[in-house]
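Colleague: Chain residues, written in single-letter form:
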Amino acid sequence: MTWNPLEEKREYHCATSEKGCNRLLDALRAQGLDIELVEKAETGDDLLHIACIFDGPDADPHANRWQSYHETN
Amino acid sequence: MSLIYLRPIDDEQLWPNEGFQVLHLATPPAVGDRLSLGGPRAWDIVGVDEYQAAAGGDEAAGRESIYFAHCNLGAAPPREEWYQVDMCSRYKSSMWLYIGNGVLVHWNNNLNGSEPKTGVLLPRYSVREHKVTSQPWGVETVTQYLPTEAVEHPCYRSIWVGQCVYVPHALHVA
Numbered sequence: 001m002t003w004n005p006l007e008e009k010r011e012y013h014c015a016t017s018e019k020g021c022n023r024l025l026d027a028l029r030a031q032g033l034d035i036e037l038v039e040k041a042e043t044g045d046d047l048l049h050i051a052c053i054f055d056g057p058d059a060d061p062h063a064n065r066w067q068s069y070h071e072t073n
Numbered sequence: 001m002s003l004i005y006l007r008p009i010d011d012e013q014l015w016p017n018e019g020f021q022v023l024h025l026a027t028p029p030a031v032g033d034r035l036s037l038g039g040p041r042a043w044d045i046v047g048v049d050e051y052q053a054a055a056g057g058d059e060a061a062g063r064e065s066i067y068f069a070h071c072n073l074g075a076a077p078p079r080e081e082w083y084q085v086d087m088c089s090r091y092k093s094s095m096w097l098y099i100g101n102g103v104l105v106h107w108n109n110n111l112n113g114s115e116p117k118t119g120v121l122l123p124r125y126s127v128r129e130h131k132v133t134s135q136p137w138g139v140e141t142v143t144q145y146l147p148t149e150a151v152e153h154p155c156y157r158s159i160w161v162g163q164c165v166y167v168p169h170a171l172h173v174a
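Chains as they are written, first to last, in our numbering: chain A, 1 to 73; chain B, 1 to 174.
Next comes chain B alone, as it looks inside the complex (with noise of 0.2 Å):
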């Protein structure tokens, strides 16, 4: 079982019920497959970079790589020209994915090489109060993936997944 993360390679063109996806499937996605990013409408995947476990890789659930598909509607433009690409030469750029049951339930993009941290609770930034607060979700684990020397322009230098457990109590005593 593979786990894959698809998103757009322009976020711009992204319908309000439409986001980035995970996906656990038993073969990596390829080139030319078409699926939904939420939305009633079919993505072509235009690129699948693989990314290998920096050490021992997810031995809990016996994975050593994830895969990166990137969407587009239609054909894409060259990847020197794509926005995350560009981001990634310009910043230490690293995709932080948590899974919660199985799910993406928070993404942020670093671009100062941090790395998440364990422990804590997700946060949820607030867009109408301006105030962060605590999502129900600790992480527990994180695992680092890298670029295999196969993925030219990589739009990542790393992609950490950090499997997370769903604390509801947490948020009584935070």
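Looking at chain A on its own, in the form it has when it is part of the complex (with noise of 0.2 Å):
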């Protein structure tokens, strides 16, 4: 049988629980970008294991919505 990767084309952030998806949501939004969650899975990570899967005209799966300190000082 042949096993095809699941590509991923949407956009994804990292949460440390489901609500955390809300909220990255609601910042998302306050941004002015039409999005919306569209999933959430886990990531087998320790702290964020969950990914915030998001979805809509605005996602950008190669988009940078947050910088770190060290980036903009």
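Calculated directly from the structure, the hints in this document are not laboratory data. Among these hints, one or two may not hold up.
[Claimed, not checked] Below, a list of computed lysine-lysine pairs in the DSBU-like style, where the Cα atoms sit at most 30 Å apart:
id	chain 1	residue 1	chain 2	residue 2
1	A	K19	A	K9
2	B	K92	A	K19
3	A	K19	B	K131
4	B	K92	B	K117
5	B	K131	B	K92
6	A	K9	B	K131
7	B	K117	A	K19
8	B	K117	A	K9
9	A	K9	B	K92
10	B	K131	B	K117
[Claimed, not checked] Quick list of the computed label-pair ranges, beta carbon to beta carbon:
id	chain 1	residue 1	chain 2	residue 2	range
11	A	A27	B	E64	17 to 25 Å
12	A	D58	B	G102	16 to 24 Å
13	A	A63	B	T148	35 to 43 Å
14	B	A54	A	A63	18 to 26 Å
For each residue, glycine too, the CB sits at the ideal point set by N, CA and C.
Hints in hand, dock the two standalone chains.
Modeller: Rendered as structure tokens:
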């Protein structure tokens, strides 16, 4: 049997909880983005164990939505 | 033998070594039972929902129902206030559980009414590299389970169970 990789083309950001995905959605929309939370998946990470997956007209899998302190100073 | 899916009402209460669980038990759990979610403390089962196979059931495993056990640390808030109940009322929420060699190897909570695919490798969402790779698990079959009428305020409109096979060789050609 041929196994195909599940190609992920949506935008995702990781959170510590499922409610964190809702907070991320609010933060993205506060930036004026037309975006929706469409799925949550486990990451296997001990801390950021939820991948919050977003889709919509403004979703971009390559977007760098949040810069770290070191990138801005 | 029944498949039992356990998760906390509030996953913000989880410790790093705790998580969602899948068990195979001779009899379904009951409200009042206590068990571990992977760490050194006991959670209380505060609710058990039965989900029945949508069409024919998992004939290979002889299973027509699965059970969703809600866990909490002590007494639970009213069901109408649960986060998952609220999400299910606002989204087309379904839980996809992927089982490999009898254990839970991956899960995702879909919110837009999509259905899981077969013939694909499970994804791994990297936290540090921000890229998606493949796990060495392939999805062979998927079975849909729907909440019985006795379930008031369901947390999911359906639960899909995907049976997976271990295919590490597939990663070399994927």
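Colleague: Any of the earlier hints contradicted here, and which numbers?
Modeller: 11, 12, 14
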